[in-house]
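Chemist: Below, each chain spelled out in residue letters.
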Amino acid sequence: MANLKELCKKEDLLTGGHRLCSGCGAGAIARQVLLAADTPVVIGSATGCLEVSTTIFPYSAWKVPFIHSAFENAGATMSGVESAYRSLLKQGKLKGDIKFITFGGDGGTYDIGLQSLSGAMERGHKMLYICYNNEAYMNTGIQRSGATPLGAHTTTAPAGKVKQGKEQNRKDLTAIMVAHEIPYVAQSVVGHWNDFISKVQKALATDGPSFINVLQPCRLGWAYKPEDTMVLGRMAVETCMWPVYEVVNGEYKLSMKPKEKKPIVEFLKPQGRFKHLFKPENKGILDAMQIEVDRKWEKLLKLCGQAS
Amino acid sequence: MVLTTNPKGKIVAKTGNEAMAEAMRQIAPDVVAAYPITPATEIVQIFSQFVADGVVPTEYVAVESEHSAMSACIGSSAAGARTMTGTSSQGLALMWEMLYIAAGLRLPIVMAVVNRALSSPINIHGDQSDTMGARDAGWIQIYSENSQEAYDNMIQGMKIAEQAKLPTMVTTDGFIISHCMEVVETMPDDMVKKFVGEYKPERALLDVKKPYTLGALDLQDYYFEHRYQLADAMNKSKQIILDVAKDFEKEFGRKYDLYEKYRMDDAEVALVIIGSAAGTSKVVVDELREKGVKAGLIKIRVFRPFPHQELAKDLANVKAVAVLDRSDSCAASTAPLYAEVTSALFTHSGGKAPKVVNYVYGLGGRDITLEHVGEVFDRLVEIKDGAKVGEILKYINLR
Amino acid sequence: MKTREKEKKLSWKELPDGDLLEAGTAAKFITGDWRTEKPVWDGGKCINCMFCWIACPDSSIIVKDGKMTGIDFEHCKGCGICAKECPVKPVKAIIMEAEKK
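Residue numbers (my numbering), protein chains in the order written: chain A, 1 to 308; chain B, 1001 to 1399; chain C, 2001 to 2101.
Next up, chain A with everything else stripped away, as it sits in the complex:
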């Protein structure tokens, strides 16, 4: 359980002056991760919004060691850093506890970087991989990804005269990570800082690889008012569009169950990327989306031993 009174006494290890959009959830994610850590950390990142916006030469927002090499290989790059640490520690060339945290967007994680992430997790490198998931390739201008939900408008799966945005459901990357049988996997969301920070702390305390898929509303790609980033994150949980849960050593545990499960339109309506779905002729898509969310939610409840 994170305590803001205590946390706020710690030094912020991400400076202002980075070039993320106003209201971007990724900045909050990075800050909260750094605040959660109690030991020195080394940060790695895939190419993406967070990386480019926080490291425009000669201005880096990171007050901790940070490495970026390319887009599809954050898992592998950090494998190398972590292996170097183990080697030097073993040889007595280095002392002290250091934690390794890797960031990737959904592009760098779900899609182009999936192999590298899978390899890193399978090999058991002691690192926390955080996917800050904004459900499209935002850095290159809102293109569809494997994380983009059905019906969302993106620039490569746009809504048009005959197509209504993405025609496929997103893949369940969290389940793929669970299938790696690593000791700690979780889903979290921007807007529930306590949930997220607690999960980061649990992950960092894990003796082995860990993975957190954190949903990050993107004000530009999702097209909403910048002040609503946290609100939308919480709404994703309340509508069960993005349930928050953790899987510790294979055991599913629901982190938050909405008192009253809201219809997904409450999450979709404030977002420009779903605007076209509210035309009467697209009601079928909205219904299909609700059915899918309900199905996944029931499945998750069963996994968590909470079947209704």
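Simulated from the structure, these hints should not be mistaken for laboratory data.
Using 30 Å as the maximum straight-line C-alpha spacing, the simulated BS3-like pairs for lysine-lysine come out as follows:
(1) B:Lys1236 x C:Lys2013
(2) B:Lys1165 x A:Lys95
(3) B:Lys1238 x C:Lys2013
(4) C:Lys2067 x A:Lys63
(5) C:Lys2067 x A:Lys5
(6) A:Lys126 x B:Lys1165
(7) B:Lys1209 x C:Lys2008
(8) A:Lys63 x B:Lys1209
(9) C:Lys2008 x A:Lys63
(10) C:Lys2067 x A:Lys10
(11) B:Lys1209 x C:Lys2064
(12) C:Lys2008 x B:Lys1165
(13) A:Lys253 x A:Lys202
(14) B:Lys1209 x A:Lys10
(15) C:Lys2045 x A:Lys10
(16) C:Lys2013 x A:Lys63
(17) C:Lys2008 x B:Lys1236
(18) A:Lys225 x C:Lys2002
(19) A:Lys257 x A:Lys171
(20) B:Lys1210 x C:Lys2028
(21) B:Lys1010 x B:Lys1255
(22) C:Lys2064 x A:Lys5
(23) C:Lys2006 x B:Lys1210
(24) A:Lys5 x A:Lys259
(25) C:Lys2064 x A:Lys202
(26) A:Lys202 x B:Lys1210
(27) A:Lys10 x B:Lys1210
(28) C:Lys2013 x B:Lys1209
(29) B:Lys1209 x C:Lys2067
(30) C:Lys2064 x A:Lys10
(31) C:Lys2045 x A:Lys9
(32) B:Lys1165 x A:Lys93
(33) A:Lys63 x C:Lys2038
(34) C:Lys2028 x A:Lys10
(35) B:Lys1194 x A:Lys93
(36) A:Lys202 x C:Lys2067
(37) C:Lys2038 x A:Lys275
Chain A regions said to be covered by chain C (calculated; three or more residues, Cβ under 8 Å):
(38) 3-14
(39) 23-32
(40) 220-232
From the three backbone atoms N, C-alpha and C, an ideal C-beta is built for every residue, glycine too.
For chain A, the structure is supplied; the task is to place chains B and C on it using the hints.
Modeler: Using the frame of chain A, we list chains B and C on its own:
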């Protein structure tokens, strides 16, 4: 390379791969991250056994691809660990993106590359298309003629890379060297250890008290300066390579240069060649010398940084030169080595330059025999005696 | 583009080798001029819950000894998350106002 026997050395029979793995064992890097590929697999396979037996303190990262191998090497080297890997052909091709990044981040990774043809069609045998394609990646490239050179170059390569802050690839020809058993003189572990020295990077990610950002986004304002730094470092690495060679000769007795001059002193006709086929060609040079033909050979050891000025000087008095390339540049007028040699002559020979022809040979492991090399020399002699040069680029042993 | 001090454009010789950059230097980069709206904080109403602080993407809520002391207008981009997250009722301790240019 001149074979001299160091009283401290040990004469053993080793394949090129075994010799390179042996050098790696003696260097004992902190991290090796690699993915197997024919014909380089053995290097990391043998090395894995060293790790499994506790012979080296290395962390071996058995990554899931060559792209990840180079990525992990980048992470490891940036973290402050001495880092090595090995690959070949398609593996090197898959690493392409990361080769440039390793160089741009100035990380002294040493990679054993066993030269192999590039697909398509798929072929596992030796040619130099793979590393030639990577020639502008900002890596130092050192080629080996035999197992002995492969061993010696690996040991020198580590020291060169760390002094120049540049990644370095040391190559052998696939199967011809990698799998061929030869006599190799290895040196005692402590001598190699002392020669290579301890790795003390100026900055390291794991030095958490001095945090920094590596791999930042460089836009119009800084990219150019950083790339120039790399070009400058490559140019300056030439002297480092020569200095390390001198140290190596002092310790181990074998002499190395940017290239080897074989019977070049009064040569009128000469080959410029890279790798194992230099050995075959030296036999032809000797035969021709016995017949009174003033034949010579230059074997390029260091292709990057390319020894332009030096080579132009050494070729200026030759009458006719054939450059033999074990790779091709589709629809460029000539192959890579020829382009470098003629560019060197055009720029640095002061107008006095030999006639130069180009041959592409041995693609996909196609044999090159004494007869083939003999025919090349026959043509050079004709050119020297006034015959027209004719077609510049020819292909040896192509049906 | 605004910075605290004029950026000295270093030459290739002066720059550290290989795209290496000192930590935390972005603090010198001013993003405050992105604002179209400005958060106005009322210290009297503030209950120091730190909800604004933990949510701010720009590290722009200034906190000392567990108490909020102000807003870093050098870096605040005026997104309004702090005002939205402020739980004080009926009038929030942070409200957004149009930025005077």
